[in-house]
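Peer 1: Residue strings, one per chain:
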Amino acid sequence: MQEWANQLCENRQFGSKMTDSKYFTTTKKGEIFELKAELNSDKKEKKKEAVKKVIASMTVGKDVSALFPDVVNCMQTDNLELKKLVYLYLMNYAKSQPDMAIMAVNTFVKDCEDPNPLIRALAVRTMGCIRVDKITEYLCEPLRKCLKDEDPYVRKTAAVCVAKLHDINAQLVEDQGFLDTLKDLISDSNPMVVANAVAALSEIAESHPNSNLLDLNPQTINKLLTALNECTEWGQIFILDCLANYTPRDDRESQSICERVTPRLSHANSAVVLSAVKVLMKFMEMLPKDLDYYGTLLKKLAPPLVTLLSAEPELQYVALRNINLIVQRRPEILKHEMKVFFVKYNDPIYVKLEKLDIMIRLASQANIAQVLAELKEYATEVDVDFVRKAVRAIGRCAIKVEQSAERCVSTLLDLIQTKVNYVVQEAIVVIKDIFRKYPNKYESVIATLCENLDSLDEPEARAAMIWIVGEYAERIDNADELLESFLEGFHDESTQVQLQLLTAIVKLFLKKPTETQELVQQVLSLATQDSDNPDLRDRGYIYWRLLSTDPVAAKEVVLAEKPLISEETDLIEPTLLEELICHIGTLASVYHKPPSAFVEGSRGVQHKRLAGSSGSGESVESPDTGSAAGVSEAPPAVIPSQGDLLGDLLNLDLTPTTTGPPPPASTGMQMGAMDLLGGGLDSLMGDESEPPPIPLRTDTPQSPQLPHQSPSPPDYSPTELGGDLGGSPAMGAPFGAPPATMPASFNAPVSGGLDDLFDLAGGVGMPMGAYNPPKTLWLPAMKAKGLEISGTFVRRAGVIQMEMTLNNKAMSVMSDFAIQFNRNSFGLAPAGPLQILTPLSPNQSIEAALPLSTVGPVMKMEPLNNLQLTFPSVTNEKTAG
Amino acid sequence: MIHSLFLINASGDIFLEKHWKSVVSRSVCDYFFEAQERATEPENVPPVIPTPHHYLISVLRHRIYFVAVIQSEVPPLFVIEFLHRVVDTFQDYFGVCTEAAIKDNVVVVYELLEEMLDNGFPLATESNILKELIKPPTILRTMVNTITGSTNVGEQLPTGQLSVVPWRRTGVKYTNNEAYFDVVEEIDAIIDKSGSTITAEIQGVIDACVKLTGMPDLTLSFMNPRLLDDVSFHPCVRFKRWEAERILSFIPPDGNFRLLSYHVSSQNLVAIPVYVKHNITFREGSSQGRFDLTLGPKQTMGKSVESVLVSSQLPRGVLNANLNPSQGTYTFDPVTKMLSWEVGKINPQKLPSLKGTMSLQAGASKPDENPTINIQLKIQQMAISGLKVNRLDMYGEKYKPFKGIKYMTKAGKFQVRT
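The listed protein sequences derive, respectively, from chains A and B.
Quick note, the first sequence lines up with residues 1 to 881 if you use this note's numbering.
Quick note, the second sequence lines up with residues 1 to 418 if you use this note's numbering.
For the record, the hints were derived by calculation from the structure and aren't laboratory data.
Just so you know, even glycine gets a beta-carbon here, dropped at the ideal spot from N, CA and C.
Hints should not be assumed to be uniformly reliable.
What the hints assert, rightly or not - FRET-style restraints, in silico, Cβ to Cβ:
hint, chain 1, residue 1, chain 2, residue 2, range
1, B, Tyr-275, A, Ala-560, 54 to 62 Å
2, B, Thr-281, A, Arg-330, 43 to 51 Å
3, B, Ser-340, A, Pro-288, 56 to 64 Å
4, A, Lys-419, B, Ser-286, 47 to 55 Å
Stated by the list, open to error - Mimicking DSBU-like on lysine-lysine, the simulated pairs with C-alpha atoms at most 35 Å apart in a straight line are:
hint, chain 1, residue 1, chain 2, residue 2
5, B, Lys-193, A, Lys-344
6, B, Lys-366, B, Lys-303
7, B, Lys-240, B, Lys-355
8, B, Lys-350, B, Lys-298
9, B, Lys-378, B, Lys-350
10, A, Lys-46, B, Lys-413
11, B, Lys-298, A, Lys-344
12, A, Lys-339, B, Lys-378
13, B, Lys-298, B, Lys-403
14, B, Lys-18, A, Lys-145
15, A, Lys-52, B, Lys-240
16, A, Lys-134, B, Lys-21
17, B, Lys-193, B, Lys-345
18, A, Lys-148, A, Lys-36
19, B, Lys-355, B, Lys-403
20, A, Lys-299, A, Lys-376
21, B, Lys-413, B, Lys-400
22, B, Lys-410, B, Lys-378
23, A, Lys-339, B, Lys-240
24, B, Lys-193, A, Lys-299
25, A, Lys-43, B, Lys-18
26, A, Lys-339, B, Lys-193
27, A, Lys-344, B, Lys-366
28, B, Lys-18, A, Lys-36
29, A, Lys-344, B, Lys-355
30, A, Lys-145, A, Lys-52
31, B, Lys-193, A, Lys-148
32, B, Lys-131, A, Lys-376
33, A, Lys-44, A, Lys-110
34, B, Lys-135, A, Lys-110
35, A, Lys-300, A, Lys-419
Sequences and hints are given; from them, build the entire structure.
Peer 2: Right under this line is the structure:
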């Protein structure tokens, strides 16, 4: 700052004496003193010059608060400019000098009675900006008068002032009844007053989510729609945003509102246009699809959206984020407008990436040729991020538009031929996805891929390549050599690559057992003995045991047919999408997250839902939409985002092999265990649309919705306790296995089938009162080294008890049982120790009852009725040779 | 609503801040600087940046970042539109919107910002109203002010804010009454290697300069209004009349304003005024590349193509270019690799060309990227969409105004891929 003040001094020497920069030149010592003298001068001009200097210093952040009394003294003047300047100063410094600020009150009150409405408005406006409690008390009376002023300019200023005051002292505003006056202003005759009243109420409502301040009924809606035509562009935005919160009674009303809002689509202000789009998108839901008007409306929406894309890049960006939502909800609106999303080479990168995303969403058989030609063009651009995304987009097209897959593959091959390193790597990653989608169709390209093996240096690409080699090992003559070459630097690879390499070599071994025995032994020993990574070690052990006990079963497990990957990638979950459609044009729509997830100011925003569409509303709320990762918004089965596309696919491939711990290695057990594992595998990898046929399924009473709910006992209510115990994917593994061995991939976005599986496996009914539910299987034997636990919760003599049957299905004796309750929603904890004193011999079962109390540590679980238990039981495990 | 505004120059100094509510510390801009550092180009800074307690919404204009700080849910477009309005207002007031101009007029800037927002709500953003409230500085006025100590601030009520035509001030008087309309169309197009059009669209505007006494009511009709199916109007245009009769009827603001903007999409046939023959090649193993470019007129309806400027970002590996233009001059910046060729007018009898060689770093491999050619041009007295004004009438006032309509076509983002 000093620097440019000096610079300005120089400027001044060059003759720019006429300009305001002269106010910056008083950087000498004693400046404040000088100003003080000038402020107290008798000459009007000198005073004003001095105030200007003070303001200039203030603007650039200098502290001139010491001059407060002197400046306030200048306030009593007829000179409007001087008055305004003093007001500016007051707004800035009143906070730091509250006692002094009181001195200004009288002048404010007097100005509020001035015959000139401009002065009245100015005074009430400025007073509201002085954020000092003492002042606000004096503000109430003038404000009340101004809200009823005959001049609309004063009324509209006063309306905003209520919002300011509310920000400073909400209670005061309510006590003084200003909110009601504000509501009355919605029916004001002047459209600008209406708009400002709406704006003020909306802002106040944000901090009072349930206050029902904007009580919209057909009469007020009519007023708003009338004001909409006549108020300023900003007022139109407030009114449209407010309208979007209204739920019309029927389709007639819906249509009439739409008809009156449609002209706003031709407004020059893009924010007005987007707010109008929001209202229309929302109210359209209520219109019957066969209505002529519905079709007309759809047609009217396209041109304004396209026009937004010819605006400045910042506007384009926001528009594109919103269009992204709109095309997911109603692809028909823009399906013919693909070309406007073609990327210009000098678009800013954030616009390019958004356009690319929308291009893929709009890609269809009709336009795929054009899209591919464009994408190929983009893949030769300079910007690396953009090029990568373009290559990935080609893969997404292949998966989305089946007819184009062949063309996409050949385009990718062309790109691989360019030998540009990052292009090749991305291409390999997406080709792997294409293999997953269309197995046994494009294997002819493997040779080309293998040529580029050496240039791969990114883990994702290396892992993808290894996957391909492993998957098609039988068709690659030198697969063993290729994999062996990777093995040399095994410990320097990232986990992703290590895991993949392990799996690939096992696959290879199963396909060509004769010549690769040494290789597989090498990798197993690397994974199990030389690695610190529990995931890797575990997986190594699983394979090892599988291979050593029953290679046939191993084959079934490892080489099982994989499910096809999802066609539609990167979709927003329908419930969230509906909510976001209601928030078009807001920050929520830019971030594609519900407002409750991130906007600090909106405490407890109500979730908005589209009216009229009931079917999709029932889908499950995604588990943690609030997380900042943004990945979790998607339902588990839908691939969260392009970036994670690969991760998911890999996991999908890997998970089955890691879910089951090694089966007990005694001969009698093993076939059964294999079957379970095999069956589990199929269901794990099942298509998300149908719940997999799970062997572990229990007929869980899914309370609280189910009818057999009994009247609630006195001390806890069924809604709190009823329902599933366990059920989150996080459960499951901690049973039996020490937490450290839980594979990390487990918690990662896993397939939907997996979620379902655990939901069912862990679920257990817990109704109360007379009804004692039968025991359900909590923990199947194959997941806990042979310990099977079924159980239920009952109330005996007023005490909650957990009754369990423990069944040793392993071939060894179990002893030293203990139980630990993890923190749960109800504070359930054991009231005494688990009384199982005798060791449990093979094939023996034992009943155990554990009294429970509800005084344990409480932690809210998602879902609420989820309970995790840990059994660190000791199994006298015999390991077979 | 909008909490604060920071103005940041290209070198990352905050040179002005304004708070409409409580003061937000400058340190919030650190998040912006982080984003700025990550961005490779100044224009690649994302427009919406989240911080733990605030959101930063920025626009980049005239190499100044206008960074608005918001705390609660505010429509980002609302903020961006407002920031654009701030830039327009500065430009309107100071002629240019530069750091120097803003610093020179810091008190006016501060007063303007105070009038434009009240507690974060837009208050007066129409330049008509603002000019009544705060007089723009002129050399003469500043001189007079410095001598007499009189004021920039208008003393009247901003009457326009109350009337039903807030965009027009009352009591306008001119001795020469005149109304000029400029129909300006820009062609945005992407042409592929082989010369066929991938996408082409026209962004058109009608800018007006109306200096008419009193409260004139104008109507403007077109020969072919069917072209205008995607339009955005100035608030003064009566929408119902347009819907029903396809006639623009309005009480104009005083002075310069944009009456409407329209968009003729790629669905319709968009005429491409020039063609480019190009041959830009690099050979593997050679440190030389060939550059050969010829321009020619295509669909110009007999009008001449003027002020042609060709520019292209050559691949990074190019060290220098040794070219020979048949007309005009060219420059090549070895640092930014930007080649620009000022062609001037295209003579259909003797097509302008630029030929020669580019030198690459010795031993460097052939560049991967293909340069895109950007073309700017002007065609006078023609709107390339074929839009034509039929007539302009005035009601409500007795005098006879002088009327004028001008057409012009320009290239917007006109890109030819090679």
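Peer 1: Output the numbers, in ascending order, of every earlier hint that fails for this structure.
Peer 2: 4, 6, 7, 10, 15, 18, 19, 21, 31, 32, 35
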